[in-house]
Every structure is written in C-alpha cells, then in structure tokens.
Amino acid sequence: MFFHIVLERNMQLHPRHFGRDLREKLVSKLMKDVEGTCSGRHGFIVAITGIESVGKGLIRDGTGFVTFPVKYQCVVFRPFKGEILEAVVTMVNKMGFFAEAGPVQIFVSNHLIPDDMEFQSGDVPNYTTSDGSVKIQKESEVRLKIIGTRVDATEIFCIGTIKDDFLGVISDPGTNA
Amino acid sequence: MSLTADSPVHSSSSDDFAAFLDAELDSASDVSPELDEVENGEAEGEEEVEDEKGQDEDNDTGDGDDDDGNIDSSRSKKRKIELIEAAVDPQSSVSRGEPAETSGASLALDVCTHPGVMGGMCIRCGQKVEDESGVAFGYIHKNLRLADDEVARLRDKDLKNLLRHKKLILVLDLDHTLLNSTRLADISAEESYLKDQREVLPDALRSNLFKLDWIHMMTKLRPFVHTFLKEASSLFEMYIYTMGERPYALEMANLLDPGGIYFHSRVIAQSDSTRRHQKGLDVVLGQESAVLILDDTEVVWGKHRENLILMDRYHFFTSSCRQFGLKCKSLSEQKSDENEAEGALASVLEVLQRIHRLFFDPERGDNIMERDVRQVLKTVRKEILKGCKIVFTGVIPIQCQPENHHYWKLAEKLGATFSTEVDDTVTHVVSMNDKTEKSRQAVREKKFLVHPRWIEAANYLWRKPPEENFPVSS
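As they're listed, the protein sequences go chains X and L.
Going by our numbering, the letters in the first sequence line up with residues 19 to 195, in that order.
Going by our numbering, the letters in the second sequence line up with residues 1397 to 1870, in that order.
Bound conformation, chain L alone:
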C-alpha cells in the first residue's frame, strides 16, 4: 500500500485511459483506414474540437504536464482520440470539465491574503506559506505568526466584544509587581529560616511562599495578590507579561492562578517580545486604547508609557534588595511583610476600579468605541495632587530647565501647579535640605516642607501621602 501523498489520482487514471485509447487507435488505424475518412467527413466539427482542446490545455496546466511532451508529435492522433471520445463516450465531456473547475478553485485560494501562518500553513486556506513576515505570537502557539491586518482585525473585533462585557485589558508584570523570587543559592543566612523551618512559619506566610526545587527558586507572592486578581478579573481581561523565561513565567502563572481561570494562554515571556529588552503591546491582542499596564519598570515600556501604572517594587528577599542597590534590611530578614490592606496592590486595585468606573460611566455622552483609557488614566492621575501649589528649592540644579526636571514633570502629571516664589497660594515647598531661604520661609509661614520623595510616594500611592512622613533632613 502506497502512502505517497498528493498524487493527483484522477489525472493519472485518465492518462491511463488516454494511453489505452492511443494503443487501441494505433492498432485500429493499421487495420481499418476508414477512420481517416470519418475524420475528413467531420472536418467542420474538427475546428470546434480544436478550440475546445486549446482551452482545456490552458486550464489544465497543473495536471496535464505528462501530455505536453508528446502533444506535437501525436497531434493528429490526439485529434482522433478527441473525436472518438466525443463520439463514443458522451460522459467524457463531463469529466473534461473537472480540471477546469479545480483550477478555478485554486485561483480563488490564491486570492487568500494569508491572514496568519501556523507551522508554515495559512490558517485560512491551509496552503504552505514560506513568508516570515508579520508578528510572532509564540505564547499562543509556538509556530503562529499573524499579519498586521489580521492583528488589527482581531483587535477591533475583540474591543467590541470586551466593551460589551464591560471589560478592559490589564497587562501585569510578575517580578516585583505581583511577587518576588530568589534563587535558592542566593538566600542569605538571616532568611534561611524560610526554607529550613517551613513548618513553624505563620500560616499567612506559608500559604504565599513557594519553594520550587525543580527550578531552584523560592517565590513569595505579594500580600493581597489573590484578592487583587479575583477582583480585577471581573473588570479586566488579564495578561502576564514578564521579562523572565517562558518556563519560569508559566510556573509563576500556575502559582498565581492554579485553576487557570485568570490568564488561560495569555502569558507572555521575554522570548515573545518583538524587540530585545523591551516590552511592547504589539504582541497583545487588544486595542491600545483599552489596555492598562501594571509594571515596576518604566523604561521597558518605551512606546506605551501612557498606558502604564508604575508600581512600587516589592522586595521580599535580600537578594532582590541587593540587586537594586538597597542597603536596608529586606522584609524577610525583618520577618515582616507588606501590609495586606494598605499595600501597593490594594491601593492600585482601587485606582483600577476607579478608572474602570470612569471609562464605563453611563453619563458620558461620547461613543464608547472612541473612548481611550489613557485619557482616563491621565485624568485620574491629575487629581492626586490637585490643589497643591509647589515651590522647589534645592532640588533642581541651576543649569537645568525646571520644566524638564524629573520631579517637575512628575508633579505636573499628578496635577500640581508651580510657583517660583513662596507666596500665599503656595501649599508645599519641596526641598532637599532645610537650610535654603525658601525652606526657612516655608517653616515660618507654616507651609508644608517635604522631601521630593513625597511626590514619588504620591505617584505610587495614588493619593496625597501624609506630609509628616517626608521630613526634610538638615
């Protein structure tokens, strides 16, 4: 039994038939010369037949290759065959029509724009496609590539669907945002109790601390993360997007979402990014106007900072603190943890809920399809320091344009207004030290004198932080 694929069975059998007729005809013409007379007698009809044959050959390029070689030499013979076939077998005209039909169908397939390629085959017509263009969606299937048009189409369709279900898209980072991991080898002596005395750890800690021997890691989930995911899943379609390797990302997704109900196949790892050391929304199948990003690192989101909600880094392990050059004791060494109810995730959840509420506000008059979550994010952010009039002193170097300074821009984004002099309307004086003229003036006139970290804290907390926690040291 032969399994050779794609042999065009029908054509080979018809070739056989033609060969058979050929042989028959040869022997027949030898014996009976009347056939020539028949041909001459039907000379009028012959032209028609020739035309037909010409057409057939045009359509039949795929299957009729074998015939091409001997067409010229046996032209007259062929003609006879045509005649005999036409005369003897009325069905042959029907079977003649077949190749024309299939070639018509293949023409239609050629029109296919190949919206995507999966394992070298077009996902719409099944044809082999060598094209390596488009964006790879390795996290959906390892061999999947989609053309830009198709991505746009999917996004558009998806947006309608999402908005109908009153959902937006949320892209979540893993490390330092939802959890903190360390290699087992990097665990310091002071935190070794975490792996050696697991049984005596308090329940709250034990249920969120995982020792993953097979990848030599220990992972601590950020407090409140389970509640966060549960609440957020009702408002957002969630993606994980990490700079970690794929196996690690899947392992973490499994810890966060053991039931597989939050993320499904929406776990994007480093290898899925289209550009090195950058994260991009081009591999997220969602319209950018509906995507919010939660990440602790701003630089990786080059083009999409407007979608980004920056998170305060979660450092539980010592190695993680050291990595970022923090000298203080880690949470693990202090045997403490972030506050569950007032931690970063709890406060950001409130923000997300607020943005969602504003986005889907039924009293907004505009078209829901044209709304942009980035605008909402901007508005919400502007309310944080609304009403604060800030004077900087000893923060911005003389040679620097104040408007371009990091703290100025940050405070501006948060809705603060500025002044150069300390007058009645000024509410806060931001200073690095309390010796400057303006700092003293602030104290005299009972204005808030705060450290620049106060602005950063406001950015992370999404509310005005208590000023007394950010004193200016002398």
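Isolated chain X, as found in the complex:
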C-alpha cells in the first residue's frame, strides 16, 4: 500500500555548500540519501514530494559540518499481510516462483499455486494448466495476495499466494510477443 507521510531526518552538510543555494543543496542531498531506501517501519521511500520545514542548523564540534533537521513529505510503499498486489514474475523453478512488485520481492511456493498448474522444466521453465490455457513464466504479470511479510533494514520480502479467487496471471508475455 502507498502512503503519503511526513518524515524527519537530520542532514549533515559541508560548510562549502553554505550560500544562496544552501536549501537546494540540502534537498538534493536528501533525495539522494533517502529515495529508494527502506525502513522497517515505513517501507520503501519511493519519492520525496515536498519539504515541510528545515530546522535550525547546529554546528558539529570539531568538523564544521552542520546538522539540519529536515521534515519532508514523501510517498512510501509498504506491503501488508492480506494485501492484493500485482507483480512481475522474475524466476520460475520447481519450488515455485519469485515475483517483484517494484522493490518488493515475493515468493509464491508451489503449495500456493493452484493444484491444476504443473511445473514444466525446459528452456523457459513455467507453471501450466493441463489444457495449456494458463501459463506462468518469467515476465508474466500475476495478481497475488500477500500472506506474510518480513522487513529488513534494506529489503522487504513477502510470501504470496495465487490459490484464491481472482488471483493468478493477468497478462502473459507469450501472447503479446
């Protein structure tokens, strides 16, 4: 799920940037530092949308660096248990398949793939129904439900299922090609 929230961060800035465009420097450094990172509590920081406030700077003893407390608005993405996501399949093997929804990696084990889909090895490993009408392979897009999440300092990993109504393949790379 996406959220638009306000976060705070202490930014250290080198004195050489103190000038007219101090604020711009601060903002560009903030973007470089936090966009794309992940925190356990908030999930992935997708993009910074605005600066709420820049507090008073504090000179660090001994270095000359200055710390500014910056409050910024940003869009974060965090998957939840029970959430339905659309994801792109990245790898298929006999254990199941891996898919990605943006920065989030999701594993769907073969226990949670409908029983009528069988694993087919070969040049392009895939899961296919016996009549061949539905096929999950690399690059397929699937709709899945998150049943477990684990959030680390740098990545979020999920267990998903497609063994439920209205879940499964939503577009097949084979038909487009």
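Everything labelled a hint here was simulated from the structure, so no lab data went into it.
All values reported here derive from a predicted model rather than from experimental measurement.
You may find that some hints are simply not true.
As the list claims (entries may be wrong) - Now the in silico label distances, taken between C-beta atoms and shown as ranges: (1) HIS1673(L) to GLY140(X): 33 to 39 Å; (2) LYS1626(L) to HIS35(X): 57 to 63 Å; (3) ALA1600(L) to THR67(X): 55 to 61 Å; (4) GLY140(X) to GLN1666(L): 27 to 33 Å.
Note that beta-carbon positions come from the ideal geometry of N, C-alpha and C, so glycine has one too.
Start from chain X and add chain L according to the hints.
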C-alpha cells in the same frame, strides 16, 4: 497516519463500543433503577447468556486480553451489557461470532507442517517460523530452507515430470572437468602470450579463452564443451556443482551458458554444501536414482560414488599442472589443446547418450519409476573390458589382498575377469616391469603386456584403449 502493523482493528473498535456502553450503563443505573428489575425478570435467560459468554471467552483469548483484567470486578455490569446488547442490537450476535471464526482459522494454520522456510516465514502459511532445521537451499534463494519431507515430495514429483520428458539429471563439476582456470598472477612466462597477444591467437583458442580482470582470473573452456552442453541439455536437466566460491561459479556459468538456458538457477557452490569439503546430492532436488555426476575428483562424492562418472582432468594452464604435481609441459606451453572430436568430453557424451538410451529403452519391461540409473551405469561400465582376462604381475604387493587392490577393483568394475596364472584364456598381462616371469611368459605367448595405466585409461575413455600405447618399460 499511523503505520503500526498488525493492530487488531476490529477488536479495539469493539472495545471502544463496550467502553461506551459501560459509561452509558453507569449513568443509566444511577438514574433508573428499573434496569435491575429487568435483569431479575429475565433471570431464566441469564444462565444461557452466561454460558454463551463463557464460550466466547474461551475462543477469544487472542483479542480479548484487555477485558480479562476487569472481568471479575465488573462482572455484573458486563452481564447487563450482554443483556442490553442482546436486547437492543440483534447484529451484535453476528459480530460476536467473528472472533470464534478467526480463531478457528488460526487453528487450521497451526496444523501447517511448514514444509519450507523462506526468510523466517513458512512458504505455505506465511507464519513466522524460527525453526532452523531442514536443508538450506541457498542457491535457489539465500534464505530458503526446506524440510526433509518437502524435499522428498519435490523429488518424487520432479522425477515423474522428468521421466515424462525423457530426461535424467546431470551434475557437472567446473574446474578440470568443463574448464580450467588460473589466477592471472600465476601465469608463467611461457604462457604469457595468452594475455599479451590476444589478437594473434587462433580463433578457436580465442573464442574459448576468457580474461576476467575483475576476478583476476583467466579461464579456458574445455574443447567441445559447447557441443557437449547443447547435446546433453536435450537428455538431462543440468546442475553445476563446484567447490569454488559462489561469485566464481556464477561467472563460469555465465561463460558456459551466456543465454542462461542450460542451468537457470541450478548453480551450486561450495557454501551450499551441507558438509565441509564434500559434495552431496542432498542439495540437488532430484531423485538419486536419476542423477549422474561428472567430476574429476572422486573423494568429494563420499556417498554418491555409484552416480559418478570420473573425468580425466583437464589441465590447460601451467599452474594447474603444478597444483597436481605434474612435471610435464602444460597444454598452454605446448601451444596445443585437447582434441575436440576425441577429447574427454566427446567420449563421455557418447557414454551419457548410451546410458540415457538404455534407461529409456522401450523394450525394458520394468516400471520406469523403479529404474535406477546407477544400475545402468554399472552395466555400461562392465562392458568396457568385457572379455578381458587379466593377470597382474609386479603390480600388487605380496602382503596385499589382491581383491582389495585399487587396480583389481577398478578392472573388476570395468568387467574384466582375473587369473593368477598365464594360461590360454588370459588376454592381458598387466605389469609394472617386463622382468617378471609372467611378463616374459606373456611376451612369449603373444599376450598383451600392458602398464596398469591402461586400466585407468579404459576407465576414463569408456572403451578399451589401444594396448600398444601402454608399453611396459624395463
């Protein structure tokens, strides 16, 4: 906006509702004493309600923690709430049913056997699992562990699938089997032309020689390897299993299989093994009865020697020869290479094809699921020296039981028979020197007199090697 995860929203809101009712009730009882009369009047119904409440509390242990503390003190109040709720709001009984349902569902999840764990979560029910048992399959995903039952289930399922596609499993070693690598620092002066004069190297060599600066290595693929992989991929599902580090293994897999069609994620490195300095089929998701192994080192395959096809080592670089104590000039120094059409890979491919053919022979009457590739391998091996009757002389020390000697066992595996005396039926006399009585007798009676290396060569070549290439020196 709060992102605190897993807060049981429904229960907190119902608590609010209860608190609200509580407050309302307090004020109401102060003002209107009729409520007590109502309670007394419905004394018969009260017991029922109590029972219901008892049940609810049993089911509701997860969500109702907050209530437990004040249950006793405000028991009578609660009872009133029950009554009022029952009387006023018929929907409440429906909402009461909910916690019971969810707890039932969690009971069902508890039954999950946790067939595997991925990053601390069960791959089937998504629950957090702390258990560190089972086998790690780090090459599939760095945090994946599978329980033994699940591995067995996957293997069984996989075997059916494989046999339907007429495939077996082939586990390939990298170094000295499919290729030869050396550190750039170890390249000798005589072979420095390989890195300094790349442009003038013949095409055949240049296309199989890779200088990998970022890992400080130079790698030469064994001649015929591309054809080998292409042909073998139609008969086998292939794994790479190396004692090298993972980044190296992936780099080599990339050289062998740039399109990523042969191996996919089936690259097993040293860190994936369950035991140090050993390779094991326990991390291969394939039934042992369908696995063939191609490796140049026998000792690492402790338990799985019956699956192993031993390969003649490929030494292209000087450092590789030195590592194994070989004094001869390396192929790179001689500016030559293994013969493409008659090299080790070409001959082993023929063997693999033959085993595959025998395994899937439509004229075999037995159940295909019960066939064992190890038996086929044994049979094929037994044909190599079939019809050869061997006499050893000057090979096996006196104090050694001949049956336990390395060459005896090897020749036996290859299908040879033995004799202690040189009689008419004997075909080969294997000897270290030509001075022994039996050696002379062999020459007299025009039997083949060969060096023990002849047996080893037969083992590598999978056919009877020409005897004249293995003379016995005096």
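Verification of the supplied hints:
1. Remark: the range hint 33 to 39 Å for HIS1673(L) to GLY140(X) is upheld by a beta-carbon distance near 34 Å.
2. One distance hint, 57 to 63 Å for the beta-carbon pair LYS1626(L) and HIS35(X), holds here, with the actual separation near 58 Å.
3. One distance hint, 55 to 61 Å for the beta-carbon pair ALA1600(L) and THR67(X), holds here, with the actual separation near 59 Å.
4. For GLY140(X) paired with GLN1666(L), a C-beta distance near 28 Å keeps the hint of 27 to 33 Å intact.
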